[in-house]
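Novice: What follows is each chain in one-letter form.
2 protein chains.
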Amino acid sequence: MSYYSIFLKKLYNKYIHRRCGISKIIDGKDLIAKVENEITVNVAMLKKTGIVPSLSIVRVGENKASIAYSRSITSKADSFGIYVEQYKLEELISEKELISIIQKINERKEINGILVELPLPQSMRQKIVLETIDPDKDIDGFHPINLGKLLAGNPAFVPATAQSIIETIKNSVHSIAGKNAVIIGRSIVVGKPVALLLLKENATVTICHSYTKNLTEIAKTADILVASIGKPKMINENYIKEGAIVIDAGINKIDGKIVGDVDFDRVQDIVGRITPVPGNIGALTTLMLLKNTIRAAKIQNKLD
Amino acid sequence: MSYYSIFLKKLYNKYIHRRCGISKIIDGKDLIAKVENEITVNVAMLKKTGIVPSLSIVRVGENKASIAYSRSITSKADSFGIYVEQYKLEELISEKELISIIQKINERKEINGILVELPLPQSMRQKIVLETIDPDKDIDGFHPINLGKLLAGNPAFVPATAQSIIETIKNSVHSIAGKNAVIIGRSIVVGKPVALLLLKENATVTICHSYTKNLTEIAKTADILVASIGKPKMINENYIKEGAIVIDAGINKIDGKIVGDVDFDRVQDIVGRITPVPGNIGALTTLMLLKNTIRAAKIQNKLD
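In order, the protein sequences belong to chains A and B.
If you count by the working numbering, then the first sequence holds residues 62 to 365, one letter each, in order.
If you count by the working numbering, then the second sequence holds residues 62 to 365, one letter each, in order.
Just so you know, the hints here were simulated from the structure itself, not pulled from any lab data.
Among the hints, a few may not be true.
Heads up, the list lumps identical chains together, so a pair's fine if it works in one copy or across two of them.
Using 30 angstroms as the maximum straight-line C-alpha spacing, the simulated DSS-like pairs for lysine-lysine come out as follows [stated by the list, open to error]: (1) 90 x 294; (2) 261 x 314; (3) 261 x 188; (4) 359 x 170.
Okay, chain A solo, but in the shape it has when bound:
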């Protein structure tokens, strides 16, 4: 790229873009509408064959975030005619009892998806509990069979936040193939599955984390930057390549206000496009869970 074209691009990013009212914000409204439409069509199609896609939400204890999450899923599911039932279990229930409840839901043919709300009480082994879920009902995608299929590049239930992120990226760039993608954070909820999904789209993928030494330098090579660190506003202009697509998967609370891992104000002149926090990744995640419930209903009824 010549200095002249770099100059023009900077000029565009800094002034013209904003003045002309072209937003750099990926609001994701079009993607949300697309996914909502897909869900509506599929629920109608399933109902014609007598199937109501159905979901069990299992919650242990009274974690506020978990209550809010299940409420938001339930109200969204209701609006599409997807059946939701809730198991509200006491904090003091034993791991054995919880496992036995999950096993019973596994056997119920009328329930297609099972969502066990995390975190579980500290007395329980999350790994053992999640492995109890029938992999065909594992709409959250944390059962090792689904993670293994994801690693092998085969069809699988994929953790919903990762799915929202890859769909948002696919909807925001012309082509992912050959792009440099840098993911900051290596959780099983976001970092690792997003890395594999980007790899499947033929991006060159770098995974960074707390041990990474030259983080600003590496982040600056990214055409696509995914931040999932859990540190409010950590990513500023020093981490961003001109024109990069930035996905902010951070949800941090400061003075009662939700902020992301990216310092929006400091990067907005540099980025190509950026997701807002709070914003579409959260809204999409709920929809992805419902999409997975529909997929589960199809698999279980041999319609997939």
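Since the structure of chain A is provided, determine the placement of chain B on it from the hints.
Specialist: Only chain B this time, still in chain A's reference frame:
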């Protein structure tokens, strides 16, 4: 690093290192001896409790490489007192028959590990066949449950070549944490599992492949470079950072001679250390399979 220290390092790499007879080649003899000792000790320990670790090798057809591979495993296993039995099946056997044979081996308590030789005939779906193996007997680590555990960072059977590579790296560098690792190739046999194993050791990991645009530039950032491309001698001095640890996982045949993915002659003055081809990765891989067989015997007898 100052220019003076870079100059000294270059001088050392180019002249002193070789003149003093200090080899840059990772021959892996010490690591092989260590793993062999570990196997010997464990076989003896198991035999004291009346257990002979046992392995079934299942081969369909007469693929020459597969025959050589099973011969090499058998002779190595014999030398440790690990029992090996071979199922030599006809090329024309159906997928259904193969699956039924694997299911029967799954049920035999005296067999701890099952290795299905790849590639299978084209008429068979490899994925379906490999998923038939009991995950606790899956010493090759290709069952989705084991791949999923690997992705989640939990204990799992890990594909043996990837295991050899990570052990070789751990044995060759002081510390992996914070190092930049670049992996060229994204197969489920080498690239993807090695990426996860390096990530678990806290390296910053980049996965490159045929779509990667600026490969030489990225490879040159690597403190640890793993080449698993399948292109003879593709990696030359343009891809290597001074002092990098280079793992050559390529096995290519040129004029009847086995060569790696790295052009050894052209990189030897630049690398810090490098694995030879043919060499220790191959020898270690067989040992890792036997180590996995022992682990399987322990798990099945609740000694793990």
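Novice: For residue 261 vs residue 314, is the C-alpha pair at or below 30 angstroms within one copy, between two copies, both, or neither?
Specialist: between (33 angstroms within a copy, 29 angstroms between copies)
Novice: For the identical chains here, do residue 90 and residue 294 meet the 30 angstroms Cα criterion within one copy, between copies, both, or neither?
Specialist: within (24 angstroms within a copy, 49 angstroms between copies)
Novice: Go through the copies and call it for residue 359 and residue 170: within, between, both or neither, with a Cα cutoff of 30 angstroms.
Specialist: Within one copy only: 12 angstroms inside, 37 angstroms across.
Novice: Pop the pair residue 261 and residue 188 into one bin, within, between, both or neither, using alpha-carbon distances up to 30 angstroms.
Specialist: For residue 261 and residue 188, both the intra-copy (26 angstroms) and inter-copy (18 angstroms) Cα distances are at most 30 angstroms.
Checked against the numbered hints listed earlier, the structure breaks none of them; every hint is satisfied.
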